[in-house]
Each structure stands twice: as structure tokens, then as C-alpha cells.
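Undergrad: Sequences are here, hints too, so could you generate the full structure?
Protein chains: 2
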Amino acid sequence: MSQKILVIGGVAVGPKSACRAKRLDPDADVIMVDQDNIISYGGCGIPYYVCGDVAEPEGLRQTAFHRVRDASFFAEEKCIKVKTSTRALKIDRRKQEVLVKNLENDQEEILSYDKLVLATGSTPFVPPIPGAEADGVSVVSNMHQAMDIKARLAKGEVGKAVILGAGAIGLEMGEAMADLWGAETTIVEMMDQILPRVVDPNIATMAEHHLEQNNITVYTSERAEEILTDDNGKVTGVKTDKRSIEADIVIMAVGVRPNSQLAAEAGLAIGPFGGIVVNQRMQTSDRNIYAGGDCVEQLCLVSGMSTYAPLGSVANRQGRVIGSNLVGKPETFEGVVGSFIIKLFNNCVAKTGLSLEMATFMGYDAIVAFIAQADKAHFYPDNEMIYMQMVVEKKTKRVLGVQGISSHTRSLLARISAVAAILKYKPTVEDISNMEIPYSPPYASAMDVINTLGNAAQNLLEGRNKPVYMEDFMQLFADRENGKVMFLDVRGELQAEPLVEKYGPHWVNIPNNELGRRIDELPDDKKIILICNAGSRSYDALNILQKSGKDVHNLLGGMNGLLRAGYKF
Amino acid sequence: MSQKILVIGGVAVGPKSACRAKRLDPDADVIMVDQDNIISYGGCGIPYYVCGDVAEPEGLRQTAFHRVRDASFFAEEKCIKVKTSTRALKIDRRKQEVLVKNLENDQEEILSYDKLVLATGSTPFVPPIPGAEADGVSVVSNMHQAMDIKARLAKGEVGKAVILGAGAIGLEMGEAMADLWGAETTIVEMMDQILPRVVDPNIATMAEHHLEQNNITVYTSERAEEILTDDNGKVTGVKTDKRSIEADIVIMAVGVRPNSQLAAEAGLAIGPFGGIVVNQRMQTSDRNIYAGGDCVEQLCLVSGMSTYAPLGSVANRQGRVIGSNLVGKPETFEGVVGSFIIKLFNNCVAKTGLSLEMATFMGYDAIVAFIAQADKAHFYPDNEMIYMQMVVEKKTKRVLGVQGISSHTRSLLARISAVAAILKYKPTVEDISNMEIPYSPPYASAMDVINTLGNAAQNLLEGRNKPVYMEDFMQLFADRENGKVMFLDVRGELQAEPLVEKYGPHWVNIPNNELGRRIDELPDDKKIILICNAGSRSYDALNILQKSGKDVHNLLGGMNGLLRAGYKF
Chain E
-14 MSQKILVIGG
-4 VAVGPKSACR
6 AKRLDPDADV
16 IMVDQDNIIS
26 YGGCGIPYYV
36 CGDVAEPEGL
46 RQTAFHRVRD
56 ASFFAEEKCI
66 KVKTSTRALK
76 IDRRKQEVLV
86 KNLENDQEEI
96 LSYDKLVLAT
106 GSTPFVPPIP
116 GAEADGVSVV
126 SNMHQAMDIK
136 ARLAKGEVGK
146 AVILGAGAIG
156 LEMGEAMADL
166 WGAETTIVEM
176 MDQILPRVVD
186 PNIATMAEHH
196 LEQNNITVYT
206 SERAEEILTD
216 DNGKVTGVKT
226 DKRSIEADIV
236 IMAVGVRPNS
246 QLAAEAGLAI
256 GPFGGIVVNQ
266 RMQTSDRNIY
276 AGGDCVEQLC
286 LVSGMSTYAP
296 LGSVANRQGR
306 VIGSNLVGKP
316 ETFEGVVGSF
326 IIKLFNNCVA
336 KTGLSLEMAT
346 FMGYDAIVAF
356 IAQADKAHFY
366 PDNEMIYMQM
376 VVEKKTKRVL
386 GVQGISSHTR
396 SLLARISAVA
406 AILKYKPTVE
416 DISNMEIPYS
426 PPYASAMDVI
436 NTLGNAAQNL
446 LEGRNKPVYM
456 EDFMQLFADR
466 ENGKVMFLDV
476 RGELQAEPLV
486 EKYGPHWVNI
496 PNNELGRRID
506 ELPDDKKIIL
516 ICNAGSRSYD
526 ALNILQKSGK
536 DVHNLLGGMN
546 GLLRAGYKF
Chain G
-14 MSQKILVIGG
-4 VAVGPKSACR
6 AKRLDPDADV
16 IMVDQDNIIS
26 YGGCGIPYYV
36 CGDVAEPEGL
46 RQTAFHRVRD
56 ASFFAEEKCI
66 KVKTSTRALK
76 IDRRKQEVLV
86 KNLENDQEEI
96 LSYDKLVLAT
106 GSTPFVPPIP
116 GAEADGVSVV
126 SNMHQAMDIK
136 ARLAKGEVGK
146 AVILGAGAIG
156 LEMGEAMADL
166 WGAETTIVEM
176 MDQILPRVVD
186 PNIATMAEHH
196 LEQNNITVYT
206 SERAEEILTD
216 DNGKVTGVKT
226 DKRSIEADIV
236 IMAVGVRPNS
246 QLAAEAGLAI
256 GPFGGIVVNQ
266 RMQTSDRNIY
276 AGGDCVEQLC
286 LVSGMSTYAP
296 LGSVANRQGR
306 VIGSNLVGKP
316 ETFEGVVGSF
326 IIKLFNNCVA
336 KTGLSLEMAT
346 FMGYDAIVAF
356 IAQADKAHFY
366 PDNEMIYMQM
376 VVEKKTKRVL
386 GVQGISSHTR
396 SLLARISAVA
406 AILKYKPTVE
416 DISNMEIPYS
426 PPYASAMDVI
436 NTLGNAAQNL
446 LEGRNKPVYM
456 EDFMQLFADR
466 ENGKVMFLDV
476 RGELQAEPLV
486 EKYGPHWVNI
496 PNNELGRRID
506 ELPDDKKIIL
516 ICNAGSRSYD
526 ALNILQKSGK
536 DVHNLLGGMN
546 GLLRAGYKF
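Protein chains in written order, with my numbering: chain E, -14 to 554; chain G, -14 to 554.
Read the hints as simulated data drawn from the structure, not as lab findings.
This structure is a prediction, so every number in the text was calculated from the model and none was measured.
Hints are not guaranteed to be accurate.
For identical chains, the list gives no copy identity; a pair is met inside one copy or between any two copies.
Straight-line Cα separation of at most 25 Å, PhoX-like style, residue types lysine-lysine; simulated pairs [to be verified]:
1. K382 to K411
2. K409 to K382
3. K469 to K532
4. K135 to K328
5. K(-11) to K80
TA: Structure below.
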């Protein structure tokens, strides 16, 4: 007898598990329901639809061969029955039935199952502030909202936009508003940096500076308190704890919550993040019910703890695993290491594993290596700086995470992908030092930026580098008049001269090649901060001076890093 | 007492080991000798110097901060003594001495050591054919040859160029000649494909087609028999076993041999590839003598066998490990997985691990998965096809290697780097299916191309896909008049029509969405080859038809692959 498979949810994990199961077992009777009338769209593509890179909403719903994935597509090409505008109301686990309701005609129906898949997704969190329901205030979680936002932009109704939340969706929507539509765009973030918990402050500062260079105003450590409206209930602005900002549209992007209520009501286990608990075969606490995507929690393969990673890519891979298990082919999804990437105008920010903040929060005693190096052989044309940092557990030299910022070329993607691939094997810094990125001058350096990052971490762990991080440097620099610090620029005269002129006698220039014979010029009673362009020549200087007994420290990332972060000199 | 470290060889591994040792132990007395008067250059950059991307030879010799790495640089910034134009003649291991000779004044000298580093590099193989020594015939292994070649090009002396050998250097030099200088360029390769032993035929065919599109003539399975010269001994052409080709310059790039003679004469162990044998700490069979770079063999971490991988990147990483060990800090270089990348005009070819040919040669019973998929979300603008194939051991599902071709963007680099990173952990196809490439539409697909490659391999291994590879397809197509095969195009009518018109009744069109209800139209007595654009819709078709009892097979890579390989329809 053919097996009845019922799938609740028609985006990402739902269709993927349904199609996979049907391919493996063509006899299976597969039904998929979704409360929306638009299904199987690329939700992560919404910002690119809003900005115009994807012209029509159908663009996000088509296969690679331009067929819209609607109910008839699934029926004809995949032999899967789809009921749209159909909401699942209740699961009866004993009877193996689900009560559903057609939202167009309010008719209820009972669907029975042998195996059930919960692909119920997530819901954006809406902060409980006055005016949150006003006309022109929107979250971004489905195609209808996306089409509404784009329609307002296209009609010229949006001169000013405010985004609440500087996570991925907030930043992507900010770029969409500002870039193509030229809206005066402001992003308000409650935490003290953009991309909080994703990357650490130095990378975030660089990214924030790039947003500002592209005419986006960013306010961090600022909390929205009220949505302002006119007499018609239309949004006019946002009142924060620091100011009022005019707005014709407000996008709320402060995070999402797993849709696990249906599962919870059916008595399935729910985890600390509110997501459905699943095992490696994506089974819930009921062996006949599987779940995946934004509604579940998963294992973090770095920390070994539960985590919440609502991502289309994770959902798709989980969907395939579910599809196999549905028809008795055992497959597992081990968990996630936590990879992330975002395009911000001409820049790319990416990470995998834990940030220092997250690692510290989880109890690791970790250090951070931070470097700047060209993405390809430095003699090859158009090479570009990649800024990367690595979080390493002190005791074990274990790599916990890597993050970086670079231009939009896929150079950073390559390095982050390589580290992402090995994180589950618990690599140490030596594995990064000897990582075998394919080498040829147009693509990599002979000692690739990722190898250098490993080497830099080793030097730090073994006490051979005495690091000064950018933020600390800027504090020391701000306090320079106290005379306790000498800023020793070891670059050539031409590069150092403007700073020596402006900040002398605090800022002193001795090029590296003269340092050995000019040690006596250096004070014994001051902290000496060594500075070059990227932090490698100053590391050489540190080695030259190490034996001298002087109190020498090395600015990681060099002047390039400081300027990239928007610090002014 | 300070330790005496002597380094023989001043490129890549030599300087790197010397500098690392000196940084770790500033008291060490470090001397580096090289028979050339130009040292520490980026040899892999030579084609980019010849083509003009790097304007001056100094470009390949400078640090990132534009200081030329000559003897005075090493003396001033690294505290390392360098003797150029100084050849090492003989090692006396008992006395720990090396006899060297200054090639400018013929004076000999004995240098003693506590620790010795052999960084003697490799020498290009020159085929023993008449005329190999003629004026205008050159190998590419040092800056002097590079400058001579570029001078000839710049003077307009090179209208026609012939390259012998279609390995990395041959192809890069071919591009250099043809691209900037507009020379009529021919590449002659003895083996039956370009990049032999690096990638397998289908990827090689695509790459070869791209070279031809860029006006390079490629002759494979062809052997140079004589270099033709005029009365002055200047090259005029190359005679092969099939034709004569005019040439103003001939570049020999048929491979390199390790320079291990000095080591062999000193009684050090030499391996099957003629390279010096070293352990994981890069020690030779004499514990006081280290060796690295092009003169050594290394462990292949995929096969567990010895291999020869003369690459600047490997040399640099080995150099650092040697430097640490020289001063008593134990570090290891585990071996290589065999990563490779090359830019060919607007294309990129890359691989890691073993090709099918190499895997088969080593005794693995392996299969190949081959796919075509966009590098990013297919709805995102400017997405480009990546063609990838994976070699998998049948019995264990272990991934032995991955290779691919794409545009020059770094999309392929990212996927190959990720696989390169995990190969030493002996991953299976499941590890590839669930590989966590950071996802966002501008950078990856929700089900990324590398995941799809893993999935495709699984389907093959489990017998769910019945593959037809490109070459076999073309053979079947050529024999179509025998009536034994039906070519079933499952794309939309618009795409299939021209081929149906031209090749009907052999070429038949039934779009995927009609296939289920039109099964009866298909013959029972013919092999049916399913065809779509990229091989995924035809895989769906295979699933639809699987139960029907028809003899169905799926063209991997689809029409896109065939056209990319230059096959005409």
C-alpha cells in the first residue's frame, strides 16, 4: 500500500522534502499544504526583488528553466498534490491526522498521514511599540509584503526609509532602498554595532563605514520607541530614545521566531530557542513527524549546543534529508557550523563559526587574530585587501570561528567556505596555517591570506606578537597628549610624513630597514605602538625590537584597517 | 653560542625558512646562497610579467610595500646574509660543511653549518630533440629567461609562437603570448588532452574550447620531433609527427624535474619521483639537513602515496615549517591534497585531489558525477554556470577529488577550496551534500552547486541515475542513423524545436510536464537518452520514466555542457 506523506509548509524545506520523497518512492502519496497562495519562492531573494535586480515577483518563484513553481508545476512535474491557502489547525498524533482549513472558503478538512513533515517556518518579531501596525510599517517575510513594499517604492511614495534592525535582512533591505530607489535611508539598531552576534566590532565597524559611504545613516545603541503617524494612520517617522527620524516607510527586521505553536500544541518537544527539537534524522519527538527549516533548532557543531539558524540553505539541505528518511532511506543532517555571508554594496561580509562575543558567552577562553592581506598575489593587478579575523581557544589552539570583510568579489567567500568546511573536524591553527587553497597569482597568494591568519594566530598564542586592536589603538591615540605612548610608524618616509607633521612628536617615523641601528632613539619609559600599512612590517619591527627591552606593541591590521573602519587621521 | 643556519636556494622556501628561523631565534646566524643574481621572486608570476599585467621584472621581486627583495633587503630588514651568484658544489655531512663557488670570480669557499636547508628547486625538462638549443627556444624557469622572452615580444619579433606542453605553465604562457601581444599561438601537447593528469577529459575539452575561442590553436596527441632553424641558428618552426608549424619563438613547458643531485651526491635519500625524501618535519635522511619546495617529494594525503607537487604555495608553507624546526620549535607539514587552479582568459579551471585517471591508475574503483549549475541563486543577475565533477570511490563513497571549470570570478575557487580543506579528513559524498557554503543569493544557491554535486554522486552510487557522459553521448549521436537510440529532449518546445527539425525522427521533444501522460509514445526497443539544459530536469524525467521499463539514460551536464565543450549541433 502506498505511504501517505503530508507536508505542512510550501517554502524551501517543504517542497524539497516532498520532491525528494516522491523521487525515491514514486508510489508515495504526497500532499503539501500552505496557508499562503504563493508557495516555493526564494525568500532570501526578496531584497533583490525589492531593489529591482529581480524584476518580477515570479523571478523568485521560477525554476532555473523559468517555470513558476505553483500548484500545477508540482502536480505535473513532481506528481505532488498541493493545497494552497490552506492552514493546518491541529495535529492529532494518535489518529495521525491533521485538521486543515481552506482560508478562501473557510471549509475544514481532515488529512491523514503515515508520515508528517512540519515546515512551518518563522515569523518576524514585531517590537511592541505604539504605531507598529500603522500603514507603511512592514516586516519582510513573504511575497505579499515584498510586493507591497516594491509597489510603494515604484509609485515614488518613499523618499525616506527607516529600517529597524541591522541584521542581514535589515541591511539588505537598507541597500535595496538606498541603492536603486535613492531613498534617504536610516538603519536603527538597538545593539552597539551592526550585525550583532554575527561578527565582532572591528569587522562591523568597517561594514558600517561602508554603508555610510553609500549614504545610509546608521544609528547603533539606539532603540525605537514609537512609530509616528499622521491623522490617516500612515507612518511619518520613528521616534527613538535619541531623536525623531522622518519616514515614508518603516521596515521591521529585528529578528524572527520559529513557528512551533502547532507542534507545541501537539505535545512535541520544543527547545530553548522556541524551535522544534529534532534528531539528526530530522525527526521530532514523535517518530512519524519530521520537521526542518526555520521552525526547528539545530546542533551547533562548533559549540555542541543547540542553536537557531533560520537560513534557506540549511532548510534545503534538511529538506533533502527529510525526504530520504520519509521513505526509509536513513540519512542524517549533522548540524550547522554557522556560516553567514552578505553583500553590502561593493563589499562582502562573511563569517563561519563563533564570533569572539559568542565564544566568550559560551565560556571559551579565546583570543582573536586580525590581519589584512591582499586576496591574490600582491603583484597581480587589481588585488584587493581582505580583512580577516579568527577566534581561537587559547588552551587547545582550536579554531572556533573566522570572519572577514572584503570587496564583493568572491575572494572572501572562498576562504570562509574552506574554514566552514573543516570546522566540524575541530581544526587547530596549524590546520589553517597549512590549508591548501589552490594557488595561482590571479586567485591566491603563495602564502595565502588564510594561511597568514593561521600563522598570526600562532604567533599570538605563543606570545610572539603583542597585539593592539583597532579600538584600543584609537583610545590610546585619543589620549596621546598624556605623553605615555609613542606611535612609531615603520613605513617609508613618504607614507609616514603627513602623520609625523600633524601628530609629531607623538607620531615618529623610523622605517623598518633603519630600525636595527636606531634602537637607541626609542624611549624606555613609553609604550611604543608599531604601525605599518597592514600589520606585517610592524610585526617584523616588533621582532627586531623584542630583545631591546622596550615596551613594544603591534597595531593589528595597520593603517589600512583603521582607514577602512572610517577612523580619521 | 649562536646556531649557524645555511640555506641553499634563494626563492620561496629558502627565504621563507631563513626569515622564520631568524624571527624565532634572532641570535641565529643565517646565511642564504643562490647561484642566481636575482633571488626571492614570484616565479609563478612570470606569465603575468610576460603578458604585461606586471610591468617590470621588479614587480615580481617586491614586497607588498614595494621594496625589492635583494641581498640588502634581507640584510637590513631580516638580518640575513645573502650570497648571490654562489653555487653550492658539495655537501660534507660529516664535517657539516658546504663547498660553494662564486660564479662571478670563480672563487671557492667552505661554509659550515649546524643546520642546512636545501631549497634547490627544479629544472624544466628539455625534450631531447634536434634544435632544442636554438636561438628563440626557451624554458620558463627564471627571471632571465622571462626578461629575454618579454624583450623579444616587446621588440615585435614574435608574430608566431609555439608552446610545447599544455600543462599550467604552457597554457599561461600561451595566454600571455596571444592575449596582450597578439601572437599567433599554437600549443602542442603529446597527451590526448590539455592539462593531462590534472583534470579529466570533459573539463579539459571545455577548457580547450575556450582557448580556441581566444584564438589559440591546440594540437593534442601530437609530438614535437624537431625544432626548425634558419642558417643563423634562429628558430623558424616546430616539426611534429603531424605537421610543421612556423614559429618565431618556442616555449618548452613539458614539465620540471627536482634538483636533487646535490642531495643525492651527499647520500641523502631520494624518492620515486627523483625528489629528496623528507619527513613531516621536512627533515631529510640526515637530521641536520632540511629540504622543501620543488626539490622534495611529499605525501599525498588522499592516496597516502608519495607525490611531486612543485608549487610556490606549497614551498612557502613548507618554508615556514622548516624555519620553526630549524630553531627547535617542532612543526609539521602533513602533505598535500593536490590543489590546482589556472586562469585561462575569462575562464578558470581548478581541481583538488585525484582526477578519475589518477584514481584509476592508483587502483581505486571510482565513479564520476558531473553537473552544471549556476554559481549563485539562479534568479540573481549575472549568475554563471559552474561545471563540476567529483571522483568518488564506489565501495566507500569516499570523495577522492573534485574539478571544475567556470568563468574567472572566484566562484569555483570557493567550492574547490572548501573541498581541498576537508580532503585530508577523508570525506564521503554526504559531507559534500551537507557542506555549509555561506549562503546569500549573490554568492551561492540555497542548494549550492557543491551540495548538488554531492547529491548527484549519491544518486549515481545508489543506481538512481543512469548517466551518459558527454563523450559517449557524442559517439551515440554520431551513430544515430543506426536507429538504436532516441534522443528525448524534455525541455520546452521553443528550445527543442531547432534540434527536432534538424535531427528528427532521432531527436524527439516531450516536455517534462507532459511526460507522465505520454509515456506510451516512447519505444521499448531503443535506448532513450534524456536531454535538458543542465541535466537536472532530465534526471526528473528519468525518475518519471524509471518504472515504465523503458531503457532510459540521462545526459549529465545537458546541452549546456555539450555546447561549452564546443560540440556543434
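Undergrad: One pair to classify: K469 and K532, alpha carbons no more than 25 Å apart. Within, between, both, or neither?
TA: Answer is within: at 21 Å inside a copy they meet the 25 Å cutoff, but 82 Å across does not.
Undergrad: From the Cα coordinates, with 25 Å as the cut-off, is the pair K135 and K328 best called within, between, both, or neither?
TA: within (20 Å within a copy, 40 Å between copies)
Undergrad: Using 25 Å as the alpha carbon limit, work out where K382 and K411 are close: within a copy, between copies, both or neither.
TA: both (10 Å within a copy, 22 Å between copies)
Undergrad: Should K(-11) paired with K80 be assigned to within, between, both, or neither, using CA atoms and 25 Å as the limit?
TA: Within. Shortest intra-copy distance 13 Å satisfies the 25 Å Cα cut-off; inter-copy 82 Å does not.
Undergrad: My question is about K409 and K382: at a cut-off of 25 Å on alpha-carbon distance, are they close within one copy, between copies, both, or neither?
TA: both (15 Å within a copy, 19 Å between copies)
Of the numbered hints given earlier, the model fails none.
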